[in-house]
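Take these sequences, add in the hints, and give me the full structure.
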Amino acid sequence: MGENGNHNGGLPFLTLYNRRVSYYCQMVRLAMVEKGFPFQTIDVDYLQGQTYEPDFVRLNPACEIPVLKVGSPPEETVICGSQEIIDYLDRFAHRGTDAEARPAVDAFRRRCMTVPVSEISLGVTRDAHLLELADFSQMFRTRLASRVNRVSVINEKIAAHPELREAYQQKLARVLHSEDQISTPARLRGLLDGLVLFLDEVDLLLRNNSNGNPLPQQGESWLFGAEFTNADMILACILARVDLLGLAGKYWDETERIFLADYYRRLKKRPSFMQQCVPHSSFA
Numbered sequence: 001m002g003e004n005g006n007h008n009g010g011l012p013f014l015t016l017y018n019r020r021v022s023y024y025c026q027m028v029r030l031a032m033v034e035k036g037f038p039f040q041t042i043d044v045d046y047l048q049g050q051t052y053e054p055d056f057v058r059l060n061p062a063c064e065i066p067v068l069k070v071g072s073p074p075e076e077t078v079i080c081g082s083q084e085i086i087d088y089l090d091r092f093a094h095r096g097t098d099a100e101a102r103p104a105v106d107a108f109r110r111r112c113m114t115v116p117v118s119e120i121s122l123g124v125t126r127d128a129h130l131l132e133l134a135d136f137s138q139m140f141r142t143r144l145a146s147r148v149n150r151v152s153v154i155n156e157k158i159a160a161h162p163e164l165r166e167a168y169q170q171k172l173a174r175v176l177h178s179e180d181q182i183s184t185p186a187r188l189r190g191l192l193d194g195l196v197l198f199l200d201e202v203d204l205l206l207r208n209n210s211n212g213n214p215l216p217q218q219g220e221s222w223l224f225g226a227e228f229t230n231a232d233m234i235l236a237c238i239l240a241r242v243d244l245l246g247l248a249g250k251y252w253d254e255t256e257r258i259f260l261a262d263y264y265r266r267l268k269k270r271p272s273f274m275q276q277c278v279p280h281s282s283f284a
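Everything in the sequence shown is counted per the UniProt record's numbering, starting at 1 for the first residue and increasing by one.
Because the hints were derived from the structure by calculation, they are not lab data.
Quick reminder that beta carbons are idealized off the backbone N, C-alpha and C, glycines included.
Mixed in with the good hints, there may be bad ones.
[What the hints assert, rightly or not] Here are the computed lysine to aspartate or glutamate pairs in the EDC-like style, where the Cα-Cα straight-line distance is at most 20 Å:
(1) 250 <-> 262
(2) 269 <-> 227
(3) 250 <-> 203
(4) 250 <-> 193
[Said to hold, decoys possible] Here are the computed distance ranges between Cβ atoms for each label pair:
(5) 194 <-> 255: 41 to 49 Å
(6) 266 <-> 107: 34 to 42 Å
(7) 126 <-> 266: 29 to 37 Å
(8) 53 <-> 198: 46 to 54 Å
(9) 226 <-> 160: 49 to 57 Å
(10) 159 <-> 198: 22 to 30 Å
(11) 255 <-> 58: 50 to 58 Å
(12) 156 <-> 111: 13 to 21 Å
(13) 180 <-> 159: 45 to 53 Å
(14) 107 <-> 169: 31 to 39 Å
(15) 255 <-> 159: 31 to 39 Å
(16) 173 <-> 38: 35 to 43 Å
Written as structure tokens, this is what we have:
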């Protein structure tokens with residue numbers, strides 16, 4: 001269990017059920033630090049199936065992290081899902097996105113959430129050719145390889161806990177759909193092609209927002225100006241995961257997607273990112 005943050009905007013103390021390496025949990029932790037909300041964490045090892053344990057399923061029937069618990073019984077509020085938690089925090093944050101920029105920020109945030117990062121992460125670890133090309137963290141590879149067989153575990157839980165059958169069956173359907181997306185090398189490469197198109201969009205957005213200024217003059221400009229918005233927070237976690245998979249050098253550098261490369265260079269110096277995200281060079 002750990003503690004983070006500075007002030008809370010009037011909220012009771014926050015408890016986040018999470019795992020450090022989880023892509024979706026990183027989004028929430030980054031947002032909580034950026035918005036100044038103190039919180040404590042409870043570690044949930046989803047790779048070893050802890051999100052399928054009955055007590056956790058009763059907390060979140062989706063069998064997923066992150067989960068945010070606000071306050072304590074009997075006046076306890078539970079919010080599940082990365083975007084739902086971020087939206088909840090925004091209701092209490094001392095500052096928010098400028099009203100004029102909000103539609104663009106929200107639209108890009110939704111676009112970021114269409115990137116199948118979880119499937120890409122799992123697929124890359126199963127593709128021998130990609131593993132040869134990628135400078136992939138051996139520790140991360142080992143941890144993913146040790147993941148429990150989700151289908152088997154969920155089926156066992158259905159038999160053992162019939163009162164939670166509906167929640168388990170819905171989770172099983174999502175797992176099977178996710179596995180189907182990476183069931184062949186061609187399907188995985190289709191997802192990676194989609195990632196490349198997304199990164200092209202990001203580079204073009206950064207280029208357009210720079211007003212043609214050379215990169216050294218961009219200063220601390222982010223996706224939509226000086227403010228580090230919710231869209232930046234989601235994008236930061238996508239880029240950190242691409243880096244963790246050892247693919248950053250393949251997708252951006254000083255000659256290709258140079259605006260994105262500059263963005264990520266500056267991002268890696270941001271204190272909240274260094275503290276809460278898990279790029280390749282600092283996997284733990």
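How the hints compare with the structure:
Among the hinted pairs, residue 250 with residue 262 is consistent with the structure: their alpha-carbon atoms are about 15 Å apart, no more than 20 Å. With a CA separation close to 16 Å, the supplied pair residue 269 and residue 227 stays within the 20 Å bound. For a cut-off of 20 Å, the pair hint linking residue 250 to residue 203 stands: about 15 Å separates their Cα positions. Annotation: proposed proximity of residue 250 to residue 193 holds, straight-line Cα distance about 13 Å (limit 20 Å).
Checked against the hint of 41 to 49 Å, the C-beta distance between residue 194 and residue 255 comes to roughly 23 Å, which is inconsistent with it. Separation of residue 266 from residue 107 is about 23 Å and departs from the stated range, judged on CB atoms against 34 to 42 Å. A beta carbon spacing of about 33 Å between residue 126 and residue 266 agrees with the range 29 to 37 Å that was offered as a hint. Residue 53 and residue 198 have their C-beta atoms about 34 Å apart, which leaves the hinted 46 to 54 Å range violated.
A hinted range of 49 to 57 Å for the beta carbons of residue 226 and residue 160 is consistent with their spacing of about 53 Å. Take residue 159 and residue 198: their Cβ atoms lie about 40 Å apart, and the range 22 to 30 Å is violated. Separation of residue 255 from residue 58 is about 52 Å and conforms to the stated range, judged on CB atoms against 50 to 58 Å. Judged by the Cβ atoms, the range 13 to 21 Å given for residue 156 and residue 111 is violated: they are separated by roughly 38 Å.
Separated by about 24 Å at the C-beta atoms, residue 180 and residue 159 break the suggested range of 45 to 53 Å. As the Cβ distance of residue 107 to residue 169 is approximately 34 Å, the hint placing it in 31 to 39 Å holds. Between residue 255 and residue 159 the C-beta distance comes to about 55 Å, which lies outside the given range of 31 to 39 Å. The hinted window of 35 to 43 Å between residue 173 and residue 38 holds, with their beta carbons roughly 37 Å apart.
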